[in-house]
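Novice: One letter stands for each residue in the lines below.
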Amino acid sequence: TQLLEQSPQFLSIQEGENLTVYCNSSSVFSSLQWYRQEPGEGPVLLVTVVTGGEVKKLKRLTFQFGDARKDSSLHITAAQPGDTGLYLCAGDEGGGATNKLIFGTGTLLAVQP
Amino acid sequence: DSGVTQTPKHLITATGQRVTLRCSPRSGDLSVYWYQQSLDQGLQFLIQYYNGEERAKGNILERFSAQQFPDLHSELNLSSLELGDSALYFCASSVVGGTGNTIYFGEGSWLTVV
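Chains as they are written, first to last, in our numbering: chain A, 1 to 113; chain B, 1001 to 1114.
No lab work stands behind these hints, which were simulated from the structure alone.
Any given hint could turn out to be false.
Claimed, not checked - Restricting the straight-line Cα-Cα distance to at most 30 Å, the calculated cross-link-like pairs of lysine-lysine (DSSO-like) are: (1) 57(A) <-> 70(A); (2) 1057(B) <-> 59(A); (3) 1057(B) <-> 70(A); (4) 1057(B) <-> 100(A); (5) 100(A) <-> 59(A); (6) 57(A) <-> 100(A); (7) 70(A) <-> 100(A); (8) 59(A) <-> 70(A); (9) 56(A) <-> 100(A).
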């Protein structure tokens, strides 16, 4: 079973600070997704990266897929309390006709006002 | 609101019992997924169905079974429940079942086994 390790596990920062979350694996994935999960809700997709070296931006969030498609990072600029939540990376293990996501260990982010 | 509906939202049951979790996918979605989220194991893929047929299997115990009905809703049956089965069970759906498709998660069913 492929594993996705995220770091850090917990992060508590002040509003306005920048942060980076890392997602690492020893295996190659066909694509990698980032989700945010808030209490009492299911994960919500933020972005999908497919190509090695790909960089995608979503407002203050920047996502990067490693050149070898084994790792990814999420950078948040000027964090806001609304960014608080559990961030999960997920690698697509399926390929073809299946869509089998392997989720990372998660990073719990708390942004204090 | 993702459009994926799960019932019940909360369930407390005793060890050895059997429960059924129900999921209605988003309108038009043909593929349904079940995931289990616990503190020690994180979010784990259990099983995927596409248009009534099993498409992929993950870490699903033999005591657990699922099916997708002709109207595309799905049920996850958990039997001979153990304390360790206490977790948040998510259903998710996507339009089709292939790789790269966006998956939409429901709000989950909290199962507590006592």
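Novice: Would you mind marking each hint as holding or not holding in the structure?
Specialist: Here's how the hints hold up against the structure:
no., hint, result
1, 57(A) <-> 70(A), "holds, 19 Å"
2, 1057(B) <-> 59(A), "violated, 36 Å"
3, 1057(B) <-> 70(A), "holds, 23 Å"
4, 1057(B) <-> 100(A), "holds, 8 Å"
5, 100(A) <-> 59(A), "holds, 28 Å"
6, 57(A) <-> 100(A), "holds, 25 Å"
7, 70(A) <-> 100(A), "holds, 16 Å"
8, 59(A) <-> 70(A), "holds, 24 Å"
9, 56(A) <-> 100(A), "holds, 23 Å"
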